[in-house]
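Visitor: Taking full-length UniProt numbering, the leading residue of the sequence shown gets 1, the next gets one more, and so forth.
Hints are not guaranteed to be accurate.
Using 16 Å as the maximum straight-line C-alpha spacing, the simulated EDC-like pairs for lysine to aspartate or glutamate come out as follows [unchecked claim]:
| # | residue 1 | residue 2 |
| --- | --- | --- |
| 1 | Lys-11 | Glu-108 |
| 2 | Lys-182 | Glu-108 |
| 3 | Lys-182 | Glu-88 |
| 4 | Lys-156 | Glu-139 |
| 5 | Lys-133 | Glu-145 |
| 6 | Lys-132 | Glu-145 |
| 7 | Lys-41 | Glu-191 |
| 8 | Lys-132 | Glu-153 |
| 9 | Lys-7 | Glu-108 |
| 10 | Lys-132 | Glu-88 |
| 11 | Lys-179 | Glu-108 |
| 12 | Lys-69 | Asp-55 |
| 13 | Lys-7 | Glu-96 |
| 14 | Lys-45 | Glu-198 |
| 15 | Lys-133 | Asp-164 |
| 16 | Lys-179 | Glu-105 |
| 17 | Lys-182 | Asp-164 |
| 18 | Lys-41 | Glu-190 |
| 19 | Lys-100 | Asp-33 |
| 20 | Lys-182 | Glu-135 |
| 21 | Lys-178 | Asp-189 |
| 22 | Lys-132 | Glu-150 |
| 23 | Lys-179 | Glu-122 |
| 24 | Lys-179 | Asp-164 |
| 25 | Lys-133 | Asp-143 |
Hints are computed from structural coordinates only; laboratory data are not their basis.
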Amino acid sequence: MNFALFKFDNKNFHFQNSEKKKTWKLFSKKDDDVSLFNSTKISPKTYHIVFHISDEYIGGTKKGGEELKLPFSQYVNSFLTNNILFVENIQTNYVELIKKFIIDEYGETPRQIIFENNNFVEIIQRTNGFVKKLEYIDENDNDIEMESLEISELDKLENNWTIDYVNFLSNSTFLSLKKQGKLSINSNDEEKLLNIIEVISSAIY
Numbered sequence: 001m002n003f004a005l006f007k008f009d010n011k012n013f014h015f016q017n018s019e020k021k022k023t024w025k026l027f028s029k030k031d032d033d034v035s036l037f038n039s040t041k042i043s044p045k046t047y048h049i050v051f052h053i054s055d056e057y058i059g060g061t062k063k064g065g066e067e068l069k070l071p072f073s074q075y076v077n078s079f080l081t082n083n084i085l086f087v088e089n090i091q092t093n094y095v096e097l098i099k100k101f102i103i104d105e106y107g108e109t110p111r112q113i114i115f116e117n118n119n120f121v122e123i124i125q126r127t128n129g130f131v132k133k134l135e136y137i138d139e140n141d142n143d144i145e146m147e148s149l150e151i152s153e154l155d156k157l158e159n160n161w162t163i164d165y166v167n168f169l170s171n172s173t174f175l176s177l178k179k180q181g182k183l184s185i186n187s188n189d190e191e192k193l194l195n196i197i198e199v200i201s202s203a204i205y
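Please put together the full structure from these sequences, using the hints given.
Guide: This is the structure in structure tokens:
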């Protein structure tokens, strides 16, 4: 699964505790673009949140114009642990709609996480990962790639180098991180997903 990561300044924020939540219904007559479909506590510090997005398939022809609109529901999985929100990154527009919904409905602003070098290193260390590929920008703005690195070798990176991307293996699961707060977990196993998400949130909390 692919995620976009955000952080709340309010460390005690939980969707189901919002006073504003009482002001809307799950499926409103006005067909809101986004609504909160479900929020469930699945571990002592993690909530599984499902957002509902009303969308349409649009079909037509080049010369005949738009001819068909087919409404459909898109459900977006998310996880909130500590104050870190993992939003399933199905497509960028959906993520932006969810951000706007949270701001409008709850008065909380999810800030996009930008991974710093120490975040990359901390996450890899906590997951006991083996780096398959690492991309960074050196002091001269050159794009450099490195492959097959042990955790100890990450400490040798120069302080003025900026890590941009890393792909690594942790307990038979491939993960990748991008500096702009993007996470990919090559697994749909619920237990593995939850464990990885909680470890990563603890590393950047």
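Visitor: Evaluate each hint against the coordinates.
Guide: Hints, verified against the model:
Note on Lys-11 and Glu-108: the hinted pairing holds, with a Cα-Cα distance of about 11 Å set against a maximum of 16 Å. Restraint check: the Cα-Cα separation between Lys-182 and Glu-108 comes to about 21 Å, which exceeds 16 Å; the hinted pair is violated. A hinted pair counts as satisfied when its Cα atoms are at most 16 Å apart, and Lys-182 with Glu-88 qualifies at roughly 10 Å. Among the hinted pairs, Lys-156 with Glu-139 is consistent with the structure: their alpha-carbon atoms are about 15 Å apart, no more than 16 Å.
A distance of roughly 7 Å separates the Cα atoms of Lys-133 and Glu-145; the hinted pair therefore holds under the 16 Å criterion. With a C-alpha separation of about 11 Å, the suggested pairing of Lys-132 with Glu-145 holds against the 16 Å cut-off. Only pairs whose Cα atoms come within 16 Å are accepted, and Lys-41 paired with Glu-191 is accepted, the gap being roughly 14 Å. For the proposed pair Lys-132 and Glu-153, the alpha carbon gap of about 12 Å is at most 16 Å, so the pair holds.
A hinted pair counts as satisfied when its Cα atoms are at most 16 Å apart, and Lys-7 with Glu-108 qualifies at roughly 10 Å. Restraint check for Lys-132 and Glu-88: not satisfied, since their Cα atoms lie roughly 24 Å apart, outside the 16 Å limit. Between Lys-179 and Glu-108 the CA atoms are separated by roughly 23 Å; this puts the pair beyond 16 Å, and the hint is violated. At roughly 10 Å between alpha-carbon atoms, Lys-69 and Asp-55 fall within 16 Å of each other, so this suggested pair holds.
For the given pair, Lys-7 sits about 14 Å from Glu-96 by alpha-carbon distance, which is consistent with the 16 Å threshold. As the CA atoms of Lys-45 and Glu-198 are separated by approximately 8 Å, the hinted pair is consistent with the 16 Å bound. A C-alpha spacing of about 11 Å is found between Lys-133 and Asp-164, which places the hinted pair at or below 16 Å, so the restraint holds. Only pairs whose Cα atoms come within 16 Å are accepted, and Lys-179 paired with Glu-105 is rejected, the gap being roughly 28 Å.
Proposed proximity of Lys-182 and Asp-164 is supported: the alpha carbons are some 11 Å apart, at most 16 Å. Of the pairs offered as hints, the one joining Lys-41 and Glu-190 holds, with about 14 Å between alpha carbons and a cut-off of 16 Å not exceeded. Straight-line distance between C-alpha atoms of Lys-100 and Asp-33 comes to about 10 Å, which keeps the hinted pair within the 16 Å bound. Only pairs whose Cα atoms come within 16 Å are accepted, and Lys-182 paired with Glu-135 is accepted, the gap being roughly 14 Å.
Using a Cα cut-off of 16 Å, the hinted pair Lys-178 and Asp-189 is violated, with the two alpha carbons roughly 22 Å apart. For the hint linking Lys-132 to Glu-150, the alpha-carbon distance of about 9 Å falls within 16 Å, and the restraint holds. For a cut-off of 16 Å, the pair hint linking Lys-179 to Glu-122 stands: about 14 Å separates their Cα positions. Restraint check: the Cα-Cα separation between Lys-179 and Asp-164 comes to about 5 Å, which is no more than 16 Å; the hinted pair holds.
Proposed proximity of Lys-133 and Asp-143 is supported: the alpha carbons are some 13 Å apart, at most 16 Å.
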